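I would like the entire structure built from these sequences, with the hints used as guidance.
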Amino acid sequence: MQVEKRVAALVEEKIADRPELFLVEVKMLPNNKLIIHVDGDEGISIQDCVAISRHVGFHLEEENAIEQAYNLEVSSPGVGEPLKLIRQYNKNIGRTISIKLAGGQKKEGKLLQVEDNKLLIEEAVKEKGKKATTIQTEVAFNDILETSVLISFK
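If you read the sequence shown in our numbering, its first letter stands for residue 61, the second for the next number, and so on.
To be clear, the hints were calculated from the coordinates, so they are not data collected in a lab. Take these hints with a grain of salt, some might be off.
Unchecked claim - Cβ pair distances, simulated, as ranges:
# : residue 1 : residue 2 : range
1 : GLY163    : ALA68     : 28 to 36 angstroms
2 : HIS119    : GLU80     : 20 to 28 angstroms
3 : GLU175    : PRO142    : 15 to 23 angstroms
4 : ILE106    : ALA192    : 39 to 47 angstroms
5 : GLU175    : GLN128    : 41 to 49 angstroms
6 : ILE195    : GLU127    : 51 to 59 angstroms
7 : ALA192    : GLU123    : 51 to 59 angstroms
8 : ASN131    : GLU206    : 23 to 31 angstroms
9 : VAL63     : GLY189    : 38 to 46 angstroms
Nothing here was measured: the structure is a model prediction, and the numbers come from that model. Ideal placement from N, C-alpha and C gives every residue a C-beta, glycine not left out.
Quick look at the structure:
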């Protein structure tokens with residue numbers, strides 16, 4: 061956990077002058093793979109990932125923070141990765157999301173709005189024998205277990 065905190069501090073240091081970029085997570089896996097997910101309000105470039113990787117790698121080596129060999133991977137969160145930060149929700153307004161709720165239910169719909177403690181989606185509701193209608197539903201962040209963006213190939 062100490063390594064993850066140090067890496068997070070190094071990433072924040074590197075992107076301090078880039079307010080459009082933000083750290084999503086740092087994970088050290090048991091196989092000594094260090095994963096850093098960074099994103100941006102308009103996405104993140106490969107050059108930004110490379111710069112962060114070099115900065116973090118250089119300082120970890122200088123400080124000998126990780127004694128064994130490790131693999132460093134810096135990227136944006138993948139398409140299948142769940143959303144973790146409100147900033148990620150804001151970035152995906154207008155896209156279709158899938159939400160797993162604490163009670164076991166699932167909701168799917170277009171993300172319309174994000175507030176501090178809730179979000180608003182437009183979901184299609186189909187009643188038996190009737191045409192599907194769309195309704196707007198508020199979902200509290202406290203009720204959400206996981207949210208993923210659904211990819212459309214249309």
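Tested hints:
For GLY163 and ALA68, the Cβ-Cβ distance of about 32 angstroms falls inside the hinted range of 28 to 36 angstroms, so the restraint holds. HIS119 and GLU80 have their C-beta atoms about 23 angstroms apart, which keeps the hinted 20 to 28 angstroms range intact. For GLU175 and PRO142, the Cβ-Cβ distance of about 19 angstroms falls inside the hinted range of 15 to 23 angstroms, so the restraint holds. Against the hinted window of 39 to 47 angstroms, the Cβ-Cβ separation of ILE106 and ALA192 comes to about 41 angstroms, which satisfies the hint.
Taking the beta carbon of each, GLU175 and GLN128 are about 44 angstroms apart, inside 41 to 49 angstroms as hinted. Checking the proposed 51 to 59 angstroms range against ILE195 and GLU127 shows it holds: the Cβ atoms sit about 55 angstroms from each other. Separated by about 57 angstroms at the C-beta atoms, ALA192 and GLU123 satisfy the suggested range of 51 to 59 angstroms. One distance hint, 23 to 31 angstroms for the beta-carbon pair ASN131 and GLU206, holds here, with the actual separation near 26 angstroms.
For VAL63 and GLY189, the hinted distance range of 38 to 46 angstroms is not satisfied, since their beta carbons lie about 58 angstroms from each other.
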